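Chains as they are written, first to last, in full-length UniProt numbering: chain A, 1 to 363; chain B, 1 to 363.
Bear in mind the hints are in silico, worked out from the structure with no lab data behind them. The structure displayed is predicted, hence computed values, not measured ones. Errors might be hidden in some of the hints.
Copies of the same chain look alike in the list, so a pair counts if it works inside one copy or between any two.
[Claimed, not checked] In silico DSBU-like cross-links for lysine-lysine, where the CA-CA straight-line distance does not exceed 35 Å:
#	residue 1	residue 2
1	Lys350	Lys126
2	Lys350	Lys269
3	Lys99	Lys225
4	Lys269	Lys3
5	Lys3	Lys314
6	Lys182	Lys96
7	Lys269	Lys146
8	Lys269	Lys348
9	Lys269	Lys140
10	Lys146	Lys314
11	Lys269	Lys225
12	Lys296	Lys182
13	Lys350	Lys96
14	Lys99	Lys269
15	Lys140	Lys73
Each chain, written out:
Protein chains: 2
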Amino acid sequence: MEKALILAEGRYNTSDGKTAHGLVRYSQRYQIVGVVDSTLAGRDAGEVLDGVYRGIPIYGSFEEAITENPDVKYLIIGVATPGGYLPSVYREIVKKAIKRGLNIVSGLHYFLSSESEFARLAKRYKVQLIDVRKIFRELKIPFSGKIEEVNAIKVAVLGTDGAIGKRTTAIMLHEAFNRFGKKSIFIAMGQTGWMQGFKYAIVMDSIVNDFVAGAIEDVIWRAWKEENPDVIVTHGEGSLLHPAYPGGFELIASGRPDYIVLQHAPARKYFDDFPQYEIPPLEKYIQLIELLSGKKPIAITINSENLSKEDAFKIAREIESTYGILTKVPLYESIDEIVKLILEERMKIKQMEVEASVESQVL
Amino acid sequence: MEKALILAEGRYNTSDGKTAHGLVRYSQRYQIVGVVDSTLAGRDAGEVLDGVYRGIPIYGSFEEAITENPDVKYLIIGVATPGGYLPSVYREIVKKAIKRGLNIVSGLHYFLSSESEFARLAKRYKVQLIDVRKIFRELKIPFSGKIEEVNAIKVAVLGTDGAIGKRTTAIMLHEAFNRFGKKSIFIAMGQTGWMQGFKYAIVMDSIVNDFVAGAIEDVIWRAWKEENPDVIVTHGEGSLLHPAYPGGFELIASGRPDYIVLQHAPARKYFDDFPQYEIPPLEKYIQLIELLSGKKPIAITINSENLSKEDAFKIAREIESTYGILTKVPLYESIDEIVKLILEERMKIKQMEVEASVESQVL
């Protein structure tokens, strides 16, 4: 793996830093050697994120980071900004990095490679400008219905808001299925997942609208066809009721998940980036999921941000008893029960199918 | 207006021909002088469409059409194919048209201008290749919340399927509002509407997914800001429950319509282009719309395809009494009652607001 630095100046400890967070948690495409954010200089990126030290230092400047890591090959823009623009203070750092011979990786909607100044510099210093979203804008696969061939268990994590931890919970479920002896494949649907290096990854929200359904179907179908897994775990983008990032519908429509896990942050009152819009009650999401997919969520997972451990558990138990849906706080407790429940439910359905088939043969 | 021919070979009388149908019904950008479809040669395009003669002949070949209309300036690809490809028999006709000096207008996902053979020919014969969808792929307007400023009545027509007549019903409502003395603006959301020449038009499904919400908000806001209308009428693309074209959510999320009219084709059993998927019951759409927008549809409009006039009316009355929602068959009866109902409902709300404000001043 090539070494990479993450640029998250001023934003590592905000929800804009979710690309950086994903890479600090998990990275198979690049070896992350540090994060640049002067407001957190000297701390460990893992410790800031979730209290777990990961040996990834936060540097006060790009210069400092590069002095400590002279063999680094990539600078990754570690933030997702509303509207997808490159923050202005990042421009100079990107230019310095290009001049220093680093390739630049960006998941922003704003394409670095489309700007003449960056393009010229990149050519001169023989580095690549990798705009992850540009790759997916060209994807034009129509939906065909081949998703119906996929007989692996399809699990999707949706959320009541954007930037709420859907991908992280999905990866935890995927790992738990593997621990249970099931072959699970995780499919990433966003730019962070692509950067993290998952073999099956699309950037759903960079695809032209009419081809989103086809791209989702295709990546799930390919993962199934090529890997023959027992389980496929993936996640939606945005939220079913988000005014700016309405999402999850395409995944339900064309990915046709067998089970949906709903990620919820009880302490979050307003939509990510849109404090003028209140997040509707959890109940509404449960009803919507039932209408759209034919089933209630199989489980609810709690993002415990701004909650004490005690409060997170208390709320989880309340939600569980109110809605009769298994509810877990992944940061503080095992999610194995969710995996067990999904496998049991699936077994019941298979059992019923076998019985129905036996019955029809007897008659 | 410049003269244009529509190419719809073999498909004018199918749901793939919806671009042609829209242009035969209404065209302000181009003057439509004929349709090319050898399977319907000699008939009138309006008569084939809905029994109403419009003086637009269907020609058996491009050569015949061009002989009859030597001053035509544009050839419009009049079909929308699954996946957005140019049907192979259309290729030769497009090449002939370019050589004959015609500009080509296409709403297909497949870009004519991106193919070297067409691009070379177009350059040589000095004609334009206008790929409508390419224009909108570059649109990157983030959602901001400015939609809340819009105090015109916002009406959106959604449908239980794609290619079901949402745009046509929306235009009828728009015209009815104007007849009622209200200033109405129609906003087109698809490539056909753009080709038809509406001042406010986007091609929603050609926009990169993350910017769909922002584009919808922006076009509605601009129409309101620039025209100061009483009413804005628009329409969704696809259908809330379509496996391949899930749509309507973005419009509800970011356009925040005050009233939704639901277009339904009772005789249609399977989704457009996807005979393996049954259209779910109407009731499910009503519930979804209520959950997503906070209100049931204000009215249901019936697409009477494959129904006798009598059956269409019978079903409309049944739906009306089952769901308690005003239901009309726009092809056979006036939709003025829908307009009246919307204006009355709006008046009631305004009245309540005034009373609440008076009350708060008195207290």
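Hints versus structure:
1. When the C-alpha separation of Lys350 and Lys126 is checked against a cutoff of 35 Å, the pair qualifies neither within a copy, at 56 Å, nor between copies, at 64 Å.
2. Only between protomers do Lys350 and Lys269 lie at most 35 Å apart by alpha-carbon distance; the minimum there is 29 Å, versus 41 Å within a single protomer.
3. With identical chains, the CA atoms of Lys99 and Lys225 are never at most 35 Å apart, being 43 Å at best within one copy and 46 Å at best between copies.
4. In this assembly of identical chains, the alpha carbons of Lys269 and Lys3 never lie at most 35 Å apart, being 39 Å within a copy and 55 Å across copies at closest.
5. For the homomeric pair Lys3 and Lys314, neither the shortest alpha-carbon distance inside one copy (42 Å) nor that between copies (70 Å) is at most 35 Å.
6. For the identical chains of this complex, Lys182 and Lys96 are neighbours neither inside a copy (47 Å) nor across copies (58 Å), given an alpha-carbon limit of 35 Å.
7. For the homomeric pair Lys269 and Lys146, the shortest alpha-carbon distance between copies (20 Å) is at most 35 Å, but the shortest distance inside one copy (39 Å) is not.
8. When the C-alpha separation of Lys269 and Lys348 is checked against a cutoff of 35 Å, the pair qualifies only between copies, where the shortest distance is 31 Å, while the shortest distance within a copy is 38 Å.
9. Proximity of Lys269 and Lys140 under a CA criterion of 35 Å is satisfied inter-copy only: 28 Å between copies versus 37 Å inside one chain copy.
10. Proximity of Lys146 and Lys314 under a CA criterion of 35 Å is satisfied in neither setting, with 43 Å inside one chain copy and 38 Å between copies.
11. In the homo-oligomer, the alpha carbons of Lys269 and Lys225 lie at most 35 Å apart only across protomers (31 Å), although the nearest pairing inside one protomer, at 41 Å, exceeds that limit.
12. In this homomeric assembly, Lys296 and Lys182 come within 35 Å of each other (Cα to Cα) only inside a single copy, at 24 Å, whereas the closest approach across copies is 44 Å.
13. Proximity of Lys350 to Lys96 under the C-alpha cut-off of 35 Å is found in neither arrangement, the shortest distances being 59 Å within a copy and 58 Å between copies.
14. In this homomeric assembly, Lys99 and Lys269 never come within 35 Å of each other (Cα to Cα): the closest approach is 44 Å inside a single copy and 61 Å across copies.
15. Taking identical chains as interchangeable, the C-alpha atoms of Lys140 and Lys73 lie at most 35 Å apart whether they share a chain (31 Å) or sit on different chains (30 Å).
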